[in-house]
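Protein chains in written order, with our numbering: chain A, 39 to 236; chain B, 39 to 236.
Do not take every clue at face value.
Copies of the same chain are indistinguishable here, so a pair counts whether it falls within one copy or spans any two.
[What the hints assert, rightly or not] The calculated DSS-like cross-link candidates involving lysine-lysine, where the alpha carbons are at most 27 Å apart (straight line), are: (1) Lys157 - Lys217; (2) Lys184 - Lys217; (3) Lys80 - Lys184; (4) Lys217 - Lys90; (5) Lys80 - Lys114; (6) Lys42 - Lys154; (7) Lys114 - Lys157; (8) Lys157 - Lys184; (9) Lys42 - Lys80; (10) Lys217 - Lys114; (11) Lys217 - Lys42; (12) Lys114 - Lys42; (13) Lys42 - Lys157; (14) Lys184 - Lys154; (15) Lys42 - Lys184.
In case anyone wonders, no lab produced these hints; they're calculated from the structure.
Each chain, written out:
Number of protein chains: 2
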Amino acid sequence: MTQKRSEETRTRILEAAVRRFAVSGYDAASVDDICSQAGVSKGAFYHHFPTKQAIFLALMQGWLAVIDLGMEAARKDTIPETLVYMTNLIPGVFAAAEDRLPMFLEFWLQASRDEKVWKAVIAPYRHYQAYFTGLVEEGIAEGSLKETDARAAAQVIVSLAVGMVLQGVLDPHGADWEKTAHESMQILMNGLSNGHQR
Amino acid sequence: MTQKRSEETRTRILEAAVRRFAVSGYDAASVDDICSQAGVSKGAFYHHFPTKQAIFLALMQGWLAVIDLGMEAARKDTIPETLVYMTNLIPGVFAAAEDRLPMFLEFWLQASRDEKVWKAVIAPYRHYQAYFTGLVEEGIAEGSLKETDARAAAQVIVSLAVGMVLQGVLDPHGADWEKTAHESMQILMNGLSNGHQR
């Protein structure tokens, strides 16, 4: 029961932090604000999170974990099919990022000035770079993708995704992003795959 | 002579603003800070710029104008050649963006909260979207590109560029960005062009 209550408190603090960061920004939101929004004591807060930065990292990791699960669930018979199918995740990523974009931008801003923050921001990006390099290598090995520089191909996929998520969050009505993501990946696959796409 | 001196003052204010924004951030940098950095009176400042926001817009437009010139100068015989050649601009874009990235991120952050700022940020992005749609249509008309949805293809190019500039500025040593940009565009062109690339 105590374990369960402790997890509930942690979740309540995280939800309160998202709301405070969205309203007043990451910098301006104080630990006091978050505690009063969550209805918890400062003692409880510091029991779960040593710093406000630890909250940000927990939120970012939670978001990335959801994306990872979605990517693993998107596996299809071949790598080109898997990559095209993965674009169906994009609307969910947009929805999850929308509330948090100001917070991410603020953190990014800090990353450009603070080495420690920079490392926390760059880690997931390098993780995806490695993940897609692996997928492309798998596609080459199974014969569905042409012999190609897997790292360069992964870079295209990651850049495309980063660019699209940022634009989609900033300009949600500027395009049909789900359709655009799908068509974009299809164009890429036309350049990368062996023979015809299914 | 007065005209020339006025232009010099304007340039001095802009240069001082870049430095102040880089050091203390866009929000924290005051008009007083910028004036004392530039060695000009507040009267001179307001003669050139009604608000601090006007300075930001002038800096952004200056940066974009340089990119536009570079893009026009990159024209080659065919559209696929032009697009691949344009990636040579990337290192220059990185260099010009480096000092200004924190400022752009901060402005982007404001854009996510303020309708007026949002419009200023979204305008150049839509401009590039339209520009590349035009290039792709031209490529289809000249027969160098396959029949394709020009808007979708332009979207891929813009997303790729946005994603790559952001990553390149944040993680300059994470990849050889000039090579990566070149290879990425080549992969895209393999998917978009008619027949073999030169």
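We went through each hint and held it up to the structure:
1. Lys157 - Lys217: Cα proximity of lysine 157 and lysine 217: across copies only (24 Å, versus 33 Å in one copy).
2. Lys184 - Lys217: Both. Shortest intra-copy (25 Å) and inter-copy (19 Å) distances satisfy the 27 Å Cα cut-off.
3. Lys80 - Lys184: neither (57 Å within a copy, 62 Å between copies)
4. Lys217 - Lys90: Neither way: lysine 217 and lysine 90 sit 37 Å apart in one copy and 39 Å across, limit 27 Å.
5. Lys80 - Lys114: neither (47 Å within a copy, 63 Å between copies)
6. Lys42 - Lys154: neither (32 Å within a copy, 46 Å between copies)
7. Lys114 - Lys157: Neither: 33 Å inside a chain and 40 Å across chains, both beyond 27 Å.
8. Lys157 - Lys184: Classified as neither; 34 Å inside a copy, 42 Å across copies.
9. Lys42 - Lys80: Close inside one copy (19 Å), not across copies (60 Å); limit 27 Å.
10. Lys217 - Lys114: within (19 Å within a copy, 31 Å between copies)
11. Lys217 - Lys42: neither (41 Å within a copy, 51 Å between copies)
12. Lys114 - Lys42: Neither. Shortest intra-copy (37 Å) and inter-copy (65 Å) distances fail the 27 Å Cα cut-off.
13. Lys42 - Lys157: neither (32 Å within a copy, 46 Å between copies)
14. Lys184 - Lys154: neither (39 Å within a copy, 47 Å between copies)
15. Lys42 - Lys184: neither (51 Å within a copy, 58 Å between copies)
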